[in-house]
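First to last, the protein sequences are chains A and B. When we follow the UniProt record's numbering, the leftmost residue of the first sequence carries the number 1, and every step to the right adds one. When we follow the UniProt record's numbering, the leftmost residue of the second sequence carries the number 1, and every step to the right adds one.
Treat the hints loosely; a few may be bogus.
[As the list claims (entries may be wrong)] The calculated lysine to aspartate or glutamate pairs, modelled on EDC-like cross-linking and capped at a C-alpha distance of 20 Å, are: (1) Lys76/A x Glu200/A; (2) Lys76/A x Asp143/B; (3) Lys292/A x Glu192/A; (4) Lys133/A x Glu192/A; (5) Lys33/A x Glu202/B; (6) Lys33/A x Asp165/B; (7) Lys33/A x Asp143/B.
Worth flagging that the hints you see were computed from the coordinates, not collected in a lab.
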Amino acid sequence: MSATTTRPPLRGRASAAPSRPRGPAGAQNGRAKRVVGRALLALLLAVFLLWTVVPLAWMLLGSFKSAVDVTSSTPKLLFEPTLDNYVGLFTGANNLLPYLWHSVAASVASAVLATVLGTLAGYGLARTRGRRKDALSFWFISTRMAPIAAVVLPLFLMFRLAGLIDTIPGLVLAYLSFNLPFAIWIMSAFFERIPSSLEEAAHVSGCTRWQTFWYVALPLSRSGLVTTGVLCLVFSWNDYAFATVVSGPDSQTLPIAATQLVTQTGVDWGQLTAIGTIVVLPMVLVGLAVRKWLVTGLTLGAVTGE
Amino acid sequence: MTSAARHAPTRSAATAGRRFGLTFNGRLMAPGVVILGALSFFPLAALIAMSFSRVRLLGGVRLEWAGLDNWERAFSDPELWRSWGLTILWFTTTLGVEMVLGVAVAVALSRLVRARGVVLALVLLPMFAAPAIVGLLGRYLVDPTFGLYAWMLQGAGLDGDILGDPVTAFVAVALMDVWEWTPLVALITLAGLSGVNPSVLEAAALDGADQWTTFWHVVLPSIQGILLVALLIRSMDAVRYFDVITVTTNGGPADATKIIPLRLYEAAFRFFDLGYAAVIGLMMLVLTIAIARLFVRILSGKGARP
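Throw the hints in and build the complete structure from the sequences for me.
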């Protein structure tokens, strides 16, 4: 890729482009064009911003609407806000608390486990060289990218044999199947960025390999550690495909609870938008907290942010 | 793994330390590798075994040898091939729209002088939403009697049940995917744009290239590595995710949105034809491994780093 990124300025090609008159009239024409171009880009951004924000804002508003307002045939922007939907979710017969607990327990446990194991293995991978590294890298990345449907099917069978269906540990294991390779890969990308001179200096001054890892490499990758943890949390919290197969009444998570509201006769859209808000809001908050390293994390270290 | 040879000569000065280090690295990687091995090799073996068997679930899990039965059925099933066709259509439309729109939004964002942080944060929001919730929210928005978007479309003279018609249903679920993942493409592209050498842009301007020419002949070639990363990341996820479709149309109407993962879930968990589903799973796996290989090759060809 370096061939393309360091390509010299395309002088030849640029000047071969249709040459415009360079006189004052041409300059004016160019300025006008630039203004139009800028206006178009601004318009695009404004429309795109509306397109992204409106659905989420509509969901948030809906969660504070009464049953009548939330399904009003003409959309209502002004309404009497009520907390009924949230209260209903946590009182009533179909209490959301167990689902919330399952979601928190499974996603936090799997995120912590993946981050710890991924940090250790990621450091090992970053400091390994040669053929072994390539083989391991390829294995990690292909486990991460394996289609969920293809993984969930044999897991279902294995979990049935092992009695792990409808248990929180089962859910944690299922989430590890995509969080662990992700954490290894991404932590290794963060470790690779540490200048080797720092570790060599530690080595020379008598640190063991473990001490070098613990006192030099780890503190330098704190941001990577946080990013990894947060992204693992988001992935497992947002999961639906695994939970729908390996969880049962004793381990169902929030996204499952949300879809169950639909299949029952008549959808309570007020409560549904409330669950939606409960699911989306915490992930938005933690996700935006690591915004600086998001690019690195989500491209598995292939792209470095600012 | 053909790139293995390329890494061989990178062995540096501290060879003696490395020889010890290899075991140290190995020890660090051991826990993660063991767990991941259990979570990837067993399922793969199980998947292959299942694809040659009739799987009985009642009275304990049992596999009965069925030879090439499942494979023959899969390759001669026109419905399945129709699903592959739909998957390709889904793939190209969502990815195409996401790439073009994402790049345009990134360019607009990169020109933004004020409030870029806030605007970027708002643009990123959909990425953190659980896909299952995105699907449910989409249903709420296009509901023919009270949906906000359905209401707006009715104002524009387009009425009828959006998710009830094969064509509009496909467009709607594709747009939900576009809504959630265009921000990711924009984020990655933005990181690429910030790495474009300013002096190159100046040179182009001095040569009298207008903005469009500059973008097309200077900016785009210098970020093409990063665009490729974005495309690969998105294409892997496009094979993975299907939550949105499951909770909106569940493949309907008239199988218009039944892409491959849905076909697998249906075969496995509705008809309990697990052997047949395993064949579909293996087909999907081959596709993702091909993409993963491409990804690793690009990374070890070093760096889409700006």
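For each hint, the structure was consulted:
1. Among the hinted pairs, Lys76/A with Glu200/A is inconsistent with the structure: their alpha-carbon atoms are about 65 Å apart, more than 20 Å.
2. Between the alpha carbons of Lys76/A and Asp143/B the distance comes to roughly 15 Å, so the proposed pair stays at or under 20 Å and holds.
3. For the proposed pair Lys292/A and Glu192/A, the alpha carbon gap of about 18 Å is at most 20 Å, so the pair holds.
4. Taken as a hint, the Lys133/A and Glu192/A pair is honoured in the structure, with Cα atoms around 13 Å apart against an allowance of 20 Å.
5. With a CA separation close to 18 Å, the supplied pair Lys33/A and Glu202/B stays within the 20 Å bound.
6. With a C-alpha separation of about 42 Å, the suggested pairing of Lys33/A with Asp165/B is violated against the 20 Å cut-off.
7. Of the supplied pair hints, the one linking Lys33/A and Asp143/B is violated, its CA atoms being roughly 42 Å apart against a limit of 20 Å.
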